[in-house]
Each structure stands twice: as C-alpha cells, then as structure tokens.
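*Asks:* For the record, the sequence lines run as chains A and B. Following this note's numbering from start to finish, the first sequence increments by one per residue and tops out at 294. Following this note's numbering from start to finish, the second sequence increments by one per residue and tops out at 715.
Since the hints were made in silico from the structure, they are not lab data. Nothing false has been slipped in among the hints.
Calculated Cβ distances over 10 Å to all of chain A for the following chain B residues:
1) Asp467
2) Thr483
3) Phe639
List time: in silico DSS-like cross-link candidates among lysine-lysine, alpha-carbon distance up to 27 Å:
4) Lys526/B - Lys279/A
5) Lys281/A - Lys526/B
6) Lys87/A - Lys253/A
7) Lys49/A - Lys233/A
8) Lys279/A - Lys523/B
9) Lys258/A - Lys87/A
Here the structure is a predicted model, which is why all the values come from computation and not from measurement. All residues carry an ideal CB built from backbone N, CA and C; glycine is no exception.
Take a look at the letters that make up each chain.
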Amino acid sequence: MRLCSIFGRAIRLSLIVVSTAALTGVPVKVSAAETEQQGQATGSHEAAKPERQSWSFAGPFGKYDPAQLQRGLQIYREVCSNCHSLKLIAFRDLADPDGPAFSEAQAKALAEEYKIKDGPNDAGDMFERPGRLSDYFPWNFPNEQAARAALTAVPPDMSLLAKARTYERGFPLFLIDPIIQYQERGVDYIYALLNGYTNDKDPNWNEYFPGHRIAMPNPLSDGVVDYSDGSPKTVQQYSKDISAFLMWAAEPKLEARKRIGFRVLIYLAVFAALLYLVKRKIWARLHRGGANPH
Amino acid sequence: MSGHSTYVPKSAAARWLESRLPILGLLHSSFVVFPNPRNLNYWWTFGGILSFMLAAQIVTGVVLAMHYTPQSQLAFASVEHIMRDVNYGWLFRYLHANGASMYFLALYIHMFRGLYYGSYKAPREVLWLLGFIIFLLSVATAFLGYVLPWGQMSFWGATVITSLFSAIPFVGDSITTWLWGGYAVDNATLNRFFSLHYLLPFMIAGVVVLHIWALHVPGSNNPAGIEPKSDKDTLPFHPYFTVKDGFALVCFLIFYGWFVFYVPNYLGDADNYIEANPLQTPPHIVPEWYYLPFYAILRSIPSKLGGAAAMFGAVFVIAFLPWLDTSRVKSAAYRPLYRIFFWIFVACVVLLGYVGAQPPEGGYVLAARALTVYYFFHFLVILPLLGLFEKPRPLPATIADSVLGPKGQGLSTETNPMPGQ
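Next comes chain A alone, as it looks inside the complex (with noise of 0.2 Å):
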C-alpha cells in the first residue's frame, strides 16, 4: 500500500533497507529503491520459478513415506539444527503414526540424546537434563540476538516453513490449482531452493531465492549425510527428504484430513443425490394438481 506522504516513503524505504540488510546480511547499496524494484520475496520477477515435483503426501490419498521423514529428521539433525530451531516439533511428535513412525521407546531415545534447560530447582538454580518426549526441539542459540551475532542473520524456524514459503503461479494456472490440489508449492519452492546454488564462485547467490541474495549458503553437498537404508547420498536426495519432513512439520495432520476428507465428501456426494430425489419427488406434485399437499 501507498503511503504517500513523503514521512511515509521514508518509513516504507527504511524498512526495506533494514529487511534488506537482515535478510541478506549484505551492506544495502546505495540505491534501495534498486532493491525494491528487483523484488524482495514471493513477487520477484527474476527468481526463477520453481518446477513441480512429485511427493508421497499430494494428493486425494497422499501419504507421508514414514522412512522419508526419518532420513529428513536425520538431515535436520545433522545439518539444518546446527542454524535453524524447530520450535513447534516435540519428540513425541516423532512417534506420531501419520508421520515419522518411530517407536516410543526411539523416540524417547532420541529426546535423552539432547540437554534441555530446566529450572529452578529447589535451591533456586537453573540446571540441565536429558529430553523427555514432552519436551520440545531445543535451539543451538539463547536468543535471536545471539545468531544474528554469530550469523549477520536470523535462520527462520522451520516448524512452518513448508507453508510459510510459496512462489507466484500466475494465470490462469491460479484458478486450476485448487481444482487439481496443488498445495505443495511451499516443498517444491524448499526444494529447488536446496538445488538453486547454481554459481560456484558466489556461495550466496541462489536461483530461485527473490532477489538471488540469500543469506545461508549451500547447506548440503553430495555425501555430507550418511544414510543408513542405502538411498542415494546426492543433494538432490537429500533436498526431497529434507523438503518432505519439513512439510510433515507444518502439517501433521495431513493424512487425516484427506482421509476424514474423503468420507466426508463421499457422505455429502450421497446426501446430496438423495436430496435432490426428495426435491424431484416433492416437487412433482405440482404436476398432479387438486390436492392441497398439506
């Protein structure tokens, strides 16, 4: 929206040069209005569009590949929790059926693996102890404070990522989506993004990243995880695996719903032949004539 008193310019410039500068952990150059027209997230005209890819969870019947979201635990583990929280995931949520379908007692496994910070005790100190299954994912920092210290940004948490994160589709392929459930824009965004470093001599610039300015580097590189099942230790691999668990994180209740969904409009398809039989029927009487119906 417009502000368009000059008071109001300076606000809006200031805070594209501040998110700017947040975001890209790069000295804003001189010409933010340069900046602005270039496009700062979902609305760029330059990023490169995302292709479509194909995932277990889309869909009428998608499901999530319970031995996907744990080679993507695994790759959060070991690359992605060193900068990002995942705030909204517990430990219990590993166990979750729909989801990762690990056992109670792995899961539980899993959570005494990490210190959390609890406290206070009855001395009135703050102490450290192993993480139950009702604890959440910890953060590698204090403070946002601190990672922007450590990083010259703050690394977004990725509980909601996969449905935080979206490109343009345009017209008319706007209108068909929702007929085709296309809602798997966010992954296929995360994914390409993963596969986007496409300029060695830059580590920060990124195909499909608004702007091409991003603030983490290549995260991952070929045989930086060591997968266990035998599955292909290849970024691109790792980038479906990653991009899937990061969608079971914003939507645990994804297979649910498409299921009670399904019933539920099966039901109402029902109902609703049924219904219009009654109206047909109800209405035919009109065609009698005479009687009064009550």
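Given chain A, put chain B in place with the hints provided.
*Replies:* Here is chain B on its own, set in the frame of chain A:
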C-alpha cells in the same frame, strides 16, 4: 405477517407452551406455511446458506476461542497448538478460516442476486438497508478475525487499515491511537480485536432476525420481479423450499468441504504462517480475496484520505441502490439493457479484485483507476439514467403465467394466506 397464525398445536405440551409463548406458532407461520413465489430459482437459496454459514462460524469460533490465547507473544503459538495438539483442532481451524471465505462467497452471490432481480426496490428498501448493515458488520468481523492468528499479514494488514483513520483531518491521529490502544498495532490492539470479533457475530445474528422479519412483510422477490397476486403464485415454504434449500446447502457444503479437506490454505496467504514481526514488512501486503476489489479502489487514489474516502464510498454507495436505480421494472429478465450493464459491472468487480492482488506497479495502476471510475459511474450515472431511457420488455400478468404460460394449467391450488392478509 399480520393476523393470527393458523397453527394448531397437536400435543398437550405444545398447547401448554403455545399459550405461554407462541414461538411454535411463529416458527410455523414463518418457516412452514409461509408463501413463497413458486418461480424462485437457485439464486434464492443463498439466504439459507448464509444463515447456516453464520451458525457454523459461530460454533467453530466458540470452540476455537476455548483454546486460543489473545496475547501478542502467545497468539501465534496458541493457533499452532490448536492445529497440532487439540483433538480435531486442525479441522475447526480450517473450517473457520475457509468458512469465512465461503460466507463471503455466499454473501456476494446473495447481493448480486439482489442487484440482478431488483430485490432492493420498493417495498423492500429497509430489507436492503438491513442487509447492508449485515454486510458492514461481516466485513468488520472478518477483518478483526484475520488479525487474531498474529501472522505477518495479520499484523501488517491491521496496520494498513487502522492507519487509514489517521487520514481524518484534525482528529485522525488521536482516533488511531485510541483504536490501537497504543502508538502502533500491538498487544492492546490484539486483545480488543478479539473481544470485538467475539461480539460482532451476535450483532450480525440480531440484524439477521430483523432482516428476515423485514423480508416476511412483503415476502420474497422472485425472478419475474412482479409481486404475487393470488395463492396460485405461491407455494408453502415447507416442503417445497425447505427441501430445495437443503439440497442447495449440501451442494454448497461439498464445495466448502473440498477447500477444508483438500486445499485448506489455498485462499490464505503464505506470509501469515510467519509470526508477526513489527520490524519487517512483507513485500506485498494483500488482504483476503473478499476485500480485493475495495483494496484496489483504495490504492487507486494517490492520496491517503482520498483513497480511504473512495474505498468507504464504494462500500456505502451500495446502500443507496434503491434510490439510485430509477427503473420501475424490478427484474433484469425484463430489462435487456440493464442486463448488459449488470454483467459489465460484474466483470469490473472481478477485474478490480484481480488488480487488487497485484503489486501497484506498471499497467495495474492505470487499470485500477479506470475500473474504479467505472465502478462509481455504474452506480451514480448508469443506474439513474437507465431507468429513464430503457424500454423494458412487457411484464407477464402473474407469476403463475410466467412459469406456465397464460393458460396456467396443471397448477395445484394451494390455499395460502397472502402476506399482509
């Protein structure tokens, strides 16, 4: 509605109640035997659909309010708590969020039906004004509700719209500070928006009661736009329109269910899954789709006060419709020239909506301005002049004639008291 109802209670319990509070008779005369024009088409089912959607929003909203925390540090997380931990919380959340969109879809169809068939014309002007009040309250309610999840779009949309009040000369800044409860949208704003969001739907329900009362004085309009003249022209509400409304409602629920279960985030904005950050503006602040035409009008005027005035003007001009349209003929079915301009107006509103979602750059700026001018031109110039110069088609003698031709054979004679008798 005058005169005593024809309801005869069948049980002793019903007679006991009826003699103390004649609510059974009221329900009977309003929703069982009430005469409706026999030629109503499916565009008339959206009033019933809207009543259902209002009830659905209230029920899902009350349940959500049991688990939501209206505090700026906790609100976003409380919504995620609903989505993840509350049993079927995700279902209530998606029902409520998509329900708002479905409510507005039905509302706009309901209003456009009124525009096409002249349902706002005498003697239904008060009915139209009450409907306009419901529209205003609904717009306010949805705006307040969208702020509650405290995402980026919640916060910044609230900032943009509440800042419009600062455009009022002399008192604007004070009013805005008073609205905010502070010097910017913050916790105080969230808290009071939650209170108002809970309150307004019950005010809507009250105005809906008045709306149905005002409707039952003259009875419903109909596709021919001529009033019923005898009981040959009408049918009792039950069973003819209860079953028809029921069927239409279930079809609508299928459409609603498709969004809730299969594409629940399609109508929303991805930026609202990012927690509100007062220090970071989203690149494109866009409201929900049902505000887009008015948002386009707001942005088309290069002045804060002018834009706000144009936006509110675009909303309020709807209220003056009964007096802007000078035609004596109600229904567009008999107004061939008006029909063309009606569909042009629909295209104008849809295009305004599309432009409202785009960044205000390049060709979109000119398009928004042209469409805004046409929007007001339709109401303030075309409608008054059309009624004076248009030659309408000859009207049928009765509703029954328009359904079956002048001979009117094969119609069963229902003995229904006419409204007002």
